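Participant: These are the residues of each chain, in order.
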Amino acid sequence: MPVKGWIEVNDLYCKGCELCITACPVDVIQLDYSRLTPKGYHPAMLKSDGCTGCGICAVICPDAAITVYREPKKAKVPTA
Amino acid sequence: MATLTTDPIQVYKRPVGLTEVHSHYCPGCTHGISHRLIAEVLDEMGLREKTIGVAPVGCSVFAYKYLNTDYVEAAHGRAPAMATGIKRVRPENIVYTYQGDGDLASIGMAEIMHAAGRGENITVIFINNAIYGMTGGQMAPTTLPGMKTTSSPKGRDVEMAGFPIKMSEILATMQGSSYIVRRSLHDPAYIRKSKKAIRKAFETQVRGMGFSLVELLSTCPTNWKVTPYEALQFVEDSMIPVFPLGDFKVHPEIAKLKV
Chain P
1 MPVKGWIEVN DLYCKGCELC ITACPVDVIQ LDYSRLTPKG YHPAMLKSDG CTGCGICAVI
61 CPDAAITVYR EPKKAKVPTA
Chain Y
1001 MATLTTDPIQ VYKRPVGLTE VHSHYCPGCT HGISHRLIAE VLDEMGLREK TIGVAPVGCS
1061 VFAYKYLNTD YVEAAHGRAP AMATGIKRVR PENIVYTYQG DGDLASIGMA EIMHAAGRGE
1121 NITVIFINNA IYGMTGGQMA PTTLPGMKTT SSPKGRDVEM AGFPIKMSEI LATMQGSSYI
1181 VRRSLHDPAY IRKSKKAIRK AFETQVRGMG FSLVELLSTC PTNWKVTPYE ALQFVEDSMI
1241 PVFPLGDFKV HPEIAKLKV
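Top line first, the protein sequences correspond to chains P and Y.
When we follow the numbering used here, the leftmost residue of the first sequence carries the number 1, and every step to the right adds one.
When we follow the numbering used here, the leftmost residue of the second sequence carries the number 1001, and every step to the right adds one.
Careful, some of the hints might be misleading.
Claimed, not checked - BS3-like mimics (lysine-lysine), calculated; alpha carbons at most 25 Å apart, straight line:
#1 Y:1065 to P:39
#2 Y:1013 to P:39
#3 Y:1166 to P:39
#4 P:47 to Y:1013
#5 P:73 to Y:1013
#6 P:4 to Y:1013
Claimed, not checked - Pairwise CB distance ranges (calculated):
#7 Y:1230 to P:27: 12 to 20 Å
#8 Y:1043 to P:40: 25 to 33 Å
#9 P:48 to Y:1046: 36 to 44 Å
#10 Y:1062 to P:25: 31 to 39 Å
#11 Y:1043 to P:38: 24 to 32 Å
#12 P:12 to Y:1252: 24 to 32 Å
#13 P:36 to Y:1226: 19 to 27 Å
#14 Y:1113 to P:3: 46 to 54 Å
#15 Y:1043 to P:49: 31 to 39 Å
#16 P:27 to Y:1158: 39 to 47 Å
#17 Y:1236 to P:27: 14 to 22 Å
#18 P:48 to Y:1207: 26 to 34 Å
#19 P:50 to Y:1207: 42 to 50 Å
#20 Y:1154 to P:38: 53 to 61 Å
Stated by the list, open to error - Heads up, incomplete: computed chain P residues facing chain Y, CB under 8 Å, no partners named:
#21 23
#22 35
#23 62
Because the hints were derived from the structure by calculation, they are not lab data.
All of these numbers come straight from a predicted model, not from anything done at the bench.
Glycine included, each C-beta is placed from N, C-alpha and C at the ideal position.
Extracted from the complex, chain Y is given alone in its bound form:
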């Protein structure tokens, strides 16, 4: 006889990897989504108690308050250097950095390049929202051509300010990197794909296979001066053509993995 269950099934609840505090992010900011994905992945892999995160400078400077793992705060852009030190001293721990585009692609360019070049066994979560969010919406290295920001009020002029830097494509050329992919957070289906990518990035580190990075196309409704929903539309319509989604470098061992 089948057992009768009348208890409701809990389909989804807030992961324990997130602390029980109200975040300071603006309404609709996709930083919250990426925090949640990291928390879910670390919970699923059972790595939360031995993970050390490195927080950047930027909007996500308070990531240590929201993610329920050990955390350290790095100087602006120096998170990969700090993560290198932590991972070399404590190879049994899982070390990841969480960086925005101003932190990683601008001031931290040297650190990320050399960490990838050395093939450091760390994971980098790179949040690309094409703008400096915390300081008030200035032009970042990843700002789209023609995009209006507070420091490019007539739109990014490529003759003066150059073209956006595509970090995933650059880092995929590094011999030390094992898993370099770009995903987007503009739609529930793509959010699920992003979660799988984050899982594979951490699996790369667990297997000791070298540098892994997941670039997540993200939004900044406040500084783009649009509603949260229009910001997601902007990612789909304008950012994805410039920053195409895809796997830029995947080690064959990781490609075989089913998550």
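So that you can see chain P by itself, here it is in the shape it has in the complex:
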């Protein structure tokens, strides 16, 4: 079971350059054609589940628009 993660894209910075889309190893990012940023670009968004929170999109993002989160691993609850 892969780690579950997600990204948040800041509309103020995203310019829709698509570099995160080409870099994503699990191919879960696409441009959101239903929205425009204040500067008139279609921002990036998560298109489906499967994000592992690896952060590669944030490494290549030229505008540091992406914040990456990861769900913590479930701690073992003692059975006794």
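Chain P is already provided as a structure; the job is to place chain Y on it using the hints.
Facilitator: What follows is chain Y alone, placed relative to chain P:
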């Protein structure tokens, strides 16, 4: 008993070293990546409050708006001269210049050569994208042979315009330089290596070991007239063979450093 944490882990967020404004760079321009790497390195080293940057003329002329450190703007190509003055007057501060290839390798050739020759204790971040970006894509000293630009529409003719200038190789021959490397920004793995190189360049300055320069192969999707992704491919396929990546001069003390 293990503590149960349900809060999400923040893997990555925008560094505080970058100001909260929209940059004027074209979509996909790797200037943004290099700005971010500098901001991250200065944050990690805790040097942001005592760093003074020197901005060049070129696309990155507004670097002072985006990097959250003190900044001054130099005349075209004169950033190393200005940084020399600042560093000599304020040796307790960290001084770096951020220059493009038109600024550093063309009009600023004399300043960079003599700053390296004197072994000034400054750091230079050199962005090489093989073209003059801001003025509309003219041929730069670093333009590849055969590469089409607005001032060489049939491709750079080496018989008339000569060969690209390899700054890192030249500066590595200077006795005053301590850390001269070339890295690329075309791939996440190489971006991470670039960040380590920038870290080592600043470590060189913190240790007072002389001139340090990191050359970053960069893109210009707008003036190369390709998509941002194709621009990264161009760097990998065409620029790296001409400008090989590597360490051209690393002081043994810095080579031992683990970052």
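Participant: For every hint, state whether the structure bears it out.
Facilitator: Right, here's what the structure says about each hint:
Of the pairs offered as hints, the one joining residue 1065 of chain Y and residue 39 of chain P holds, with about 18 Å between alpha carbons and a cut-off of 25 Å not exceeded. For the hint pairing residue 1013 of chain Y with residue 39 of chain P, the CA-to-CA distance comes to about 22 Å; that is within 25 Å, so the pair holds. For a cut-off of 25 Å, the pair hint linking residue 1166 of chain Y to residue 39 of chain P is broken: about 37 Å separates their Cα positions. Proximity of residue 47 of chain P to residue 1013 of chain Y is assessed by CA-CA distance (about 20 Å); at most 25 Å being required, the pair is judged to hold.
Restraint check for residue 73 of chain P and residue 1013 of chain Y: the C-alpha separation of about 20 Å stays at or below 25 Å, so the hint holds. The hinted pair formed by residue 4 of chain P and residue 1013 of chain Y meets the criterion: a straight-line CA distance of about 17 Å does not exceed 25 Å. Range check, residue 1230 of chain Y to residue 27 of chain P: Cβ separation about 19 Å, and the 12 to 20 Å hint holds. Judged by the Cβ atoms, the range 25 to 33 Å given for residue 1043 of chain Y and residue 40 of chain P holds: they are separated by roughly 31 Å.
Under the hint 36 to 44 Å, the C-beta atoms of residue 48 of chain P and residue 1046 of chain Y, about 40 Å apart, fit the expected range. At roughly 33 Å, the beta-carbon separation of residue 1062 of chain Y and residue 25 of chain P lies within the given 31 to 39 Å, and the hint holds. Taking the beta carbon of each, residue 1043 of chain Y and residue 38 of chain P are about 27 Å apart, inside 24 to 32 Å as hinted. At about 45 Å, the CB distance of residue 12 of chain P to residue 1252 of chain Y disagrees with the hint of 24 to 32 Å.
Range check, residue 36 of chain P to residue 1226 of chain Y: Cβ separation about 24 Å, and the 19 to 27 Å hint holds. Hint check: residue 1113 of chain Y to residue 3 of chain P, Cβ distance near 50 Å, so the stated range 46 to 54 Å holds. Between residue 1043 of chain Y and residue 49 of chain P the CB atoms are about 32 Å apart, so this pair conforms to the stated range of 31 to 39 Å. A hinted range of 39 to 47 Å for the beta carbons of residue 27 of chain P and residue 1158 of chain Y is consistent with their spacing of about 42 Å.
Checking the proposed 14 to 22 Å range against residue 1236 of chain Y and residue 27 of chain P shows it holds: the Cβ atoms sit about 20 Å from each other. Between residue 48 of chain P and residue 1207 of chain Y the C-beta distance comes to about 48 Å, which lies outside the given range of 26 to 34 Å. Remark: the range hint 42 to 50 Å for residue 50 of chain P to residue 1207 of chain Y is upheld by a beta-carbon distance near 45 Å. Residue 1154 of chain Y and residue 38 of chain P have their C-beta atoms about 41 Å apart, which leaves the hinted 53 to 61 Å range violated.
The closest approach between the C-beta of residue 23 of chain P and any C-beta of chain Y is roughly 6 Å, which is under the 8 Å cut-off, so the hint is satisfied. With a least beta-carbon distance of about 16 Å to chain Y, the hint placing residue 35 of chain P at the interface is violated under the 8 Å criterion. Proximity of residue 62 of chain P to chain Y holds as hinted, the smallest CB-CB distance being about 3 Å (cut-off 8 Å).
Hints 3, 12, 18, 20 and 22 from the earlier list are contradicted by this structure; the remaining hints agree with it.
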